[in-house]
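Novice: Given chain A, put chain B in place with the hints provided.
If you read the sequences in order, they're chains A and B.
Just so it is clear: in the first sequence, position 24 is 24 by my numbering, and no numbers are missing.
To convert a position in the second sequence, counted from 1, into my numbering, add 1000.
No lab work stands behind these hints, which were simulated from the structure alone.
Note that the coordinates shown come from a computational prediction; the quantities given were computed from them, not determined experimentally.
Cβ coordinates follow ideal geometry from the N, Cα and C atoms, glycine included.
Hints are not guaranteed to be accurate.
[Unchecked claim] Only some residues are given here: those of chain A computed to face chain B with a beta carbon under 7 Å:
#	residue
1	Q41
2	G42
3	Y48
4	R100
5	T102
6	G108
[Stated by the list, open to error] If you want the ones that stay clear, here's a sample from chain A, every Cβ over 12 Å from chain B, calculated:
#	residue
7	T13
8	R15
9	E56
10	D63
11	Q80
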Amino acid sequence: DTGVSQNPRHKITKRGQNVTFRCDPISEHNRLYWYRQTLGQGPEFLTYFQNEAQLEKSRLLSDRFSAERPKGSFSTLEIQRTEQGDSAMYLCASSLGTVRITQYFGPGTRLTVL
Amino acid sequence: AQKVTQAQTEISVVEKEDVTLDCVYETRDTTYYLFWYKQPPSGELVFLIRRNSFDEQNEISGRYSWNFQKSTSSFNFTITASQVVDSAVYFCALSEPNSGGGADGLTFGKGTHLIIQP
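Bound-form chain A, shown alone (with noise of 0.2 Å):
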């Protein structure tokens, strides 16, 4: 199998502008997670899918957050109107399985906010 794959790798934006970033689990798994890790700290769960449908919300960062797994594959987060303090490591997750399983996790997307 493949791993998780997360594109772009690297992401330099101005501030005010719309970003979005793309999320391919391992093949089949039905759940998919987005974290966010700032320097120095450990990945901050955002969100994740159960195959379709957004089970959790509440922890996206604000209303400028929204993400989406339209057809229970891949995934995408978006980050409306970036501030400098959006300047992170977004990491993506998937599992199979039910709750509490292994979470495997792509190699991230750098967003840098000028």
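Specialist: Frame of chain A; chain B shown alone:
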């Protein structure tokens, strides 16, 4: 609120030394899972181990071993005969509470940066 504490920010040892990374957690859940991940300089988190709160047996995998003690809420990780390739940031993580349909994310500690010098 649940919490994972990795008090050691950075550890530096010489190759072939044994090293233990500490992890202490807080949760109100009666059933939970603990994880260790490795993050090498490339940045990708690599899964190492997952333990159920009901299983307190220590586990060994090659040079790696884990000591889970529920009484002290600790889940420590030991690398025996360390190698330069072990240099990375290591994260301990705890499953989110599952009561009342809680989220399925992980709560991570801040990580321990392990440096193995040749």
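Novice: Against this structure, judge whether each hint is valid.
Specialist: Evaluated hints:
Annotation: A/Q41 was flagged as interfacial toward chain B, and the flag holds, the nearest CB pair being 6 Å apart, inside 7 Å. Checking A/G42 against chain B by beta carbon gives a least distance of about 3 Å; that is within 7 Å, so the hint holds. With its C-beta approaching chain B no nearer than about 6 Å, A/Y48 sits inside the 7 Å limit, and its interface hint holds. Hint on A/R100 holds. Least Cβ distance to chain B is approximately 5 Å, under the 7 Å limit.
Given hint, A/T102 at the interface with chain B, holds; its Cβ is 5 Å from that chain's nearest Cβ, closer than 7 Å. Of the supplied interface hints, the one on A/G108 holds, with its beta-carbon coming within about 6 Å of a beta-carbon of chain B, less than 7 Å. Its beta-carbon lying about 19 Å from the closest one in chain B, A/T13 satisfies the requirement of being farther than 12 Å from that chain. With a least beta-carbon separation of about 24 Å from chain B, A/R15 lies farther than 12 Å from that chain, consistent with its non-interface assignment.
Chain B draws A/E56 into its interface by the beta-carbon criterion, the shortest separation being 4 Å against a cut-off of 12 Å. With a least beta-carbon separation of about 18 Å from chain B, A/D63 lies farther than 12 Å from that chain, consistent with its non-interface assignment. Annotated as non-interface, A/Q80 keeps its C-beta farther than 12 Å from every C-beta of chain B; the closest such distance is 22 Å.
When held up to the earlier numbered hints, the structure conflicts with hint 9 and nothing else.
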